[in-house]
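The listed protein sequences correspond, in order, to chains A and B.
Take any residue in the first sequence, note its place counting from 1, add 15, and you have its number in my numbering.
Take any residue in the second sequence, note its place counting from 1, add 15, and you have its number in my numbering.
By construction, these hints were calculated from the structure, which means they are not laboratory data.
Certain hints may be false.
Identical chains share a label here; the pair holds if one copy fits it or two copies do between them.
Here are the simulated EDC-like pairs of lysine to aspartate or glutamate, each with C-alpha atoms no more than 16 Å apart in a straight line [unchecked claim]:
id, residue 1, residue 2
1, K221, D98
2, K106, E88
3, K221, E255
4, K221, E184
5, K221, D54
6, K238, D174
7, K106, E119
8, K106, E86
9, K83, D54
10, K106, D81
Protein chains: 2
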Amino acid sequence: MTYCLGIITRYGLVFGADSRTNAGVDYISTYQKLFDFSDPGQRVVLLAASGNLSMTQAIVNAIQQDLKLMESENIHTLPTLYDITRYIGNKVRVVQEQDRPWLERDGIDSSCTLLLGGQVRGEPPGLYMIYRQGNFIQATPETPFLQIGETKYGKPILDRTLSFDTPLEAAAKCALLSIDSTMRSNISVGPPVDLVMYEANSLFVKHQVRLRVGDPYLMQVRKQWEISLRQAFEQMPNIEWGYGEENVLMESGVGNGESGIGSRE
Amino acid sequence: MTYCLGIITRYGLVFGADSRTNAGVDYISTYQKLFDFSDPGQRVVLLAASGNLSMTQAIVNAIQQDLKLMESENIHTLPTLYDITRYIGNKVRVVQEQDRPWLERDGIDSSCTLLLGGQVRGEPPGLYMIYRQGNFIQATPETPFLQIGETKYGKPILDRTLSFDTPLEAAAKCALLSIDSTMRSNISVGPPVDLVMYEANSLFVKHQVRLRVGDPYLMQVRKQWEISLRQAFEQMPNIEWGYGEENVLMESGVGNGESGIGSRE
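My request is simple: use the sequences and hints to build the entire structure.
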């Protein structure tokens, strides 16, 4: 399994990804899922990949080949982030066309989903999600984050704390906690965790970190977070139990007293 | 969708459930999913249901009928919680046998999953999850909670804060936040929220509450929680960005400098 997320705020972008892949529970390995295709000073292009590893590796390879062969259309020459996204969507389509029938006839899932974010000089930063079909959507100020892979465990913290106005450092912490929550609840998502913070208009990836298994910072974050959650419980107002109310849960019970259910004396 | 959870600690049980059901996004309604079949002073029996509504209603109805007709085997006469669980598992099997083929031929999901918890006089409290196949598992001190329905959004908070030693009031707050997180992230899970707290050996459901849409307590909990989470962010140690490190994300990029990718001057 995989968990990657991208966040866009008015201050820039945050990308995060785990590195665990598995083919069943008895074959677990580590693969990088977050890639930096930036051309420093000109453009920042970050790509995160989830889904079938042979598919996502083929896509990354195709992007790299176009760069190496200096094809006229490549990730460094295309004029806008939108064009880059469409270009990668086309790579997804080529790879799907090529391999999908062979996987399908053995019942293997060939799906893959990508996140693309960054900034091209002269444009504002952008964040996109590219589907296996090659089409894509863009994150907006109303929905300033996109997730791929095992998305649910890490979503509540984003829903509750993130907005387009969140400072970049806070967004990065939020991303890390979102990934840590996912790792805590799903063993097939695991470290190293790659984290990138990109300040809008810098056109340069200055802040990145790889947190490996047992990283002291990662352990400190987890410990501090659990302490904070417990403190938050203590601050929570006590539940006002409905002593006075009728026993609402027995309303649909049979008899309501006739058979003893629902009586409360 | 549905979200129900049961928690067992050394101090007793907590049950929580939302009340929203949907047949597609254009048909949403409210149904109670948490039922109290207790015989106060003798036994406490709580049942939470998820899955196909016609199935779960048929199961609840079958239980109620046996009580009404005073069948020799009913939820008030069976000697142990284990026997009650097996009895309900059998009800699940009867209902599945009866209706499943008719649903399947129209491609309708007939699955249902139940949580059963409580205490029979003379026994310790127990908590079980009953599968659609009628078999079941029991919660243990190592895994003191069970969830059914839309389980993922609400799991991180349980994983991080709950243990068999958690005081009952804290476990109830944890359950409420787990449900609230799920409601926040999945619109098909919604209020009213039913919450029950059962103190071990009291053989009596004393603490229960139904929190309706816009309930001031529910709103206060959500607000306070979001404030606490933001405070927790502030307490989190700052990320130590890997300024000194090589750009690890470009390790697998082409060229590493040759094409400009990976260079960091």
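Evaluated hints:
1. K221 / D98: Neither way: K221 and D98 sit 24 Å apart in one copy and 62 Å across, limit 16 Å.
2. K106 / E88: within (12 Å within a copy, 64 Å between copies)
3. K221 / E255: between (50 Å within a copy, 12 Å between copies)
4. K221 / E184: The answer is within: 13 Å in one copy meets 16 Å, while 46 Å across copies does not.
5. K221 / D54: Within one copy, since 13 Å is at most 16 Å while 65 Å is not.
6. K238 / D174: between (22 Å within a copy, 13 Å between copies)
7. K106 / E119: neither (19 Å within a copy, 39 Å between copies)
8. K106 / E86: So K106 and E86 pass the 16 Å test inside one copy only (14 Å; across, 66 Å).
9. K83 / D54: within (13 Å within a copy, 75 Å between copies)
10. K106 / D81: within (11 Å within a copy, 62 Å between copies)
Of the numbered hints listed earlier, those contradicted by the structure are 1, 7.
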